[in-house]
Amino acid sequence: MKKANYKVIGVMSGTSLDGIDLVYVNFDYKNSWSYKILKAETVPYPLNWQETLAASINYSEERLEELNKKYTNFLSGIISRFIETHQIKDIDAVCSHGHTIKHEPENNYTLQIGNLPEIAYLSGQTVICDFRVQDVALGGQGAPLVPIGDQLLFSDYKYCLNLGGFANISTEKKSERLAYDICAVNTVLNYYAQKLGKEFDEGGKLAASGKVNEELLKKLNKLAFYNQKPPKSLGIEWVKSEVFPILEEYEENLQDILHTYTVHVAQQISKTLDDDSDSKVFMTGGGTFNNFLIRLLKKESNCHFTIPSDEIINYKEALIFGLLGILKLRDEVNVLKSVTGAKKDHSSGVIYEI
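So the sequence shown is numbered by our numbering: it starts at 1 and just counts up by one.
If you're looking for bench data, these hints aren't it; they were derived computationally from the structure.
In this text the structure is predicted, and so the values were computed from the model without any measurement.
One thing to keep in mind: the hints can contain errors.
[Said to hold, decoys possible] With a straight-line Cα cutoff of 25 Å, these simulated DSS-like cross-link-like pairs (lysine-lysine) come out: (1) Lys343 <-> Lys232; (2) Lys337 <-> Lys232; (3) Lys232 <-> Lys222; (4) Lys158 <-> Lys173; (5) Lys280 <-> Lys173; (6) Lys218 <-> Lys232; (7) Lys195 <-> Lys240; (8) Lys219 <-> Lys205; (9) Lys240 <-> Lys102.
[To be verified] Okay, the calculated beta carbon distance ranges per label pair: (10) Glu176 <-> Leu196: 39 to 47 Å; (11) Asp28 <-> Lys174: 25 to 33 Å; (12) Lys344 <-> Asp28: 23 to 31 Å; (13) Gln50 <-> Asp278: 36 to 44 Å; (14) Ser34 <-> Lys271: 31 to 39 Å; (15) Asp278 <-> Pro46: 40 to 48 Å.
The beta-carbon is built from N, C-alpha and C at its ideal position, and this holds for glycine as well.
Just need the whole structure built from these sequences, with the hints factored in.
This is the structure:
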């Protein structure tokens, strides 16, 4: 008989490179899943790691192998310190996403570093990780993976919208969960805020101080990705090859770029919603702290936007990776073909024992 109660640590590192999110969660199953976050922490990346991870997309295969080993060591240390700091004793598993370096599902390839077998003995825990590779091998996008958690934990909402490095959305259509990436958000906004000497655009104030460049906005809204039908997903490669070349033509005023790009994000997101005031949108991710973006979204759409507690905003992805790990332990479906386009629903991830 399967257990009904699990205590796990969920670990997530996102494309915006702001840090590693860790949550210690108690999950309970009684006809449906419920959870309680017991401890949560974000460990910021030191500058050298930020720079290395940002540059690693251009690394050779040999250099990536070396980086994978170093990052696995680094991540193990972060996990061990989290356990020690919070004096956590009872752990069924650590469920870790790793850090995405390359995501090219069209080439049957995705790479998340920090998922080497050594992570188990280095952290002293059973570790479940590498959740994307199997899905790509099954013909899927390998992303997004969070929607199974939306379905099992947040089904009261018509839409679950995450505003992180990228915006992605998850919803139920004809009894099937659909989810896909919409556009880049903080990967672009943080990049231009940093050009203005800020780590990120706090509250969207820099963007709000600019004005719309209509010509730029039209070019951004014409990007081919937006006409593709789901399943579809984005990686930093797309931002570098498709988005930055457009923005670079207009860099004489960076505030205007931030303003225009934020308007673009709001417009692309609103196009994915049904514009019905009865439709509840559950919002998470760092972008929900961007007041300017939220104001624009509410202007573009009549949907009812719900912003939960800071804890859920900041840690929802780490929380759901904890659940993905439990589903893998139980040999239950944790990736949906309707979301990723894989040949079948499946139980993804690798389990490393000490």
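Results of checking the hints against the structure:
no., hint, in the structure
1, Lys343 <-> Lys232, "holds (15 Å)"
2, Lys337 <-> Lys232, "holds (12 Å)"
3, Lys232 <-> Lys222, "holds (17 Å)"
4, Lys158 <-> Lys173, "holds (10 Å)"
5, Lys280 <-> Lys173, "holds (15 Å)"
6, Lys218 <-> Lys232, "holds (22 Å)"
7, Lys195 <-> Lys240, "holds (16 Å)"
8, Lys219 <-> Lys205, "holds (24 Å)"
9, Lys240 <-> Lys102, "holds (12 Å)"
10, Glu176 <-> Leu196: 39 to 47 Å, "holds (43 Å)"
11, Asp28 <-> Lys174: 25 to 33 Å, "holds (30 Å)"
12, Lys344 <-> Asp28: 23 to 31 Å, "holds (28 Å)"
13, Gln50 <-> Asp278: 36 to 44 Å, "holds (42 Å)"
14, Ser34 <-> Lys271: 31 to 39 Å, "holds (34 Å)"
15, Asp278 <-> Pro46: 40 to 48 Å, "holds (46 Å)"
Checked against the numbered hints listed earlier, the structure breaks none of them; every hint is satisfied.
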